[in-house]
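Q: First to last, the protein sequences are chains Z and G.
Per my numbering: the first sequence = residues 1 to 226.
Per my numbering: the second sequence = residues 1 to 226.
Just so you know, these hints were derived from the structure itself, not from any lab.
Honestly, I wouldn't trust all of these hints.
For identical chains, the list gives no copy identity; a pair is met inside one copy or between any two copies.
Said to hold, decoys possible - No farther apart than 27 angstroms at their CA atoms in a straight line, the calculated lysine-lysine pairs in the BS3-like style are these:
(1) Lys68 / Lys3
(2) Lys68 / Lys157
(3) Lys68 / Lys150
(4) Lys48 / Lys68
There are 2 protein chains.
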Amino acid sequence: MQKKAVILYSGGLDSTTCLAIAREQGFEPYAISFRYGQRHSHEMEVAKRNARPMGAADHLVVDFDLRKMGGSALTSDLAVPKTGVEENEIPVTYVPARNTIFLSFALGWAEVLGAFDIFIGVNALDYSGYPDCRPEFIEAYEKMANLATKTGVEGSKLTIHTPLISLTKAEIIKKGLSLGIDYAQTHSCYDPAEDGAACGLCDSCRLRLKGFAEAGVSDPARYVKG
Amino acid sequence: MQKKAVILYSGGLDSTTCLAIAREQGFEPYAISFRYGQRHSHEMEVAKRNARPMGAADHLVVDFDLRKMGGSALTSDLAVPKTGVEENEIPVTYVPARNTIFLSFALGWAEVLGAFDIFIGVNALDYSGYPDCRPEFIEAYEKMANLATKTGVEGSKLTIHTPLISLTKAEIIKKGLSLGIDYAQTHSCYDPAEDGAACGLCDSCRLRLKGFAEAGVSDPARYVKG
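Looking at chain Z on its own, in the form it has when it is part of the complex (with noise of 0.2 angstroms):
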């Protein structure tokens, strides 16, 4: 029998890739999202169309609501910064303690599973400054998730895999694409039009851009016309 392993799934290009990691790795993928309060709804429809075509053996969406505390341009009415990725400062559209929800979810769903292995596509090069998406965050987590639950308590070992880490976009891409990755399927804008088009703007559609450029192939993704 296959050993399941938790995906944190947005739709996008790192957790897209990350599933199709896992499958490669022999893991049955058990594909987990979450619609917080971000303000488009486009991200959770491409993630619900895509999960189980992409290899998901279930998908499971869980809702909550970040706008109640706000503090992030994701989850409030602060404006999507569109002039540039800043070095050396976290931006708006970091969202408090995001990853640490996420990963709190995906490590309930592990221990009702029975999966010992929850994976996360962070990234340590091009992260746009989340505090929550570095190495030392992750080990920790792992470190405080195996004594959170009965599996720690039963002597099992949960690991927390991050397996684009410490690739660069552009290697992400290429990986992904020997894994057969249709990345037109993937949607990474923070602030598409309403029909879903990318902005091309915001962080996340520069590191995307650039990436693609850096691999050498164009981005099948479609883009507002500028």
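Got chain Z sorted already, so can you dock chain G onto it with the hints?
A: Below, chain G alone, put in the same frame as chain Z:
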């Protein structure tokens, strides 16, 4: 200006005492509660009614549905045990990763509020055998939390306070009484009657009643007539 602290608050005996202790220590308490698919809504009604009278500056209720995940008597159709607290065994009322999830939302809210202190009323003695109530879990969570957020990046230190961790239930009750808590306004039962009366038989009721007995005080809460 008073320092803000986020308090995990269910309206029960432990978290209400915890909130009072945070006030005693000079913090301005921000109470956070979770509607996570519990079988009964009574707990949340109690929490909503009492948070501000108990001294909370604000009360945030976060909604999500752990029933989609299953795995616990508190969020599924599994029966709540009424025959006594099992020793050395994790009971079916354990909710996978619940405290990890709760603390993660508290962490996000703390960051938005500019708070560096989180209070959780876990208890290592009369603790029902949940892995996520152990001191080593809390220590690991605090380490992780300091890497997860801007707070950590900017050099401030976030502290997870567990003022009840080494107290017996009787000591918690005596502490709360000395701080003026009216325990008639707190709710602990896992499986209350429709009118909100506590069952007196579930683990939570048994631990509470034993605590009042040991404190030499009668429990002012309303129980189902046996």
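Q: Next step is simple, just say for each hint if it's right about the structure.
A: To see whether the hints hold, each was checked on the structure:
1. Lys68 / Lys3: between (37 angstroms within a copy, 21 angstroms between copies)
2. Lys68 / Lys157: between (35 angstroms within a copy, 24 angstroms between copies)
3. Lys68 / Lys150: between (32 angstroms within a copy, 19 angstroms between copies)
4. Lys48 / Lys68: both (24 angstroms within a copy, 16 angstroms between copies)
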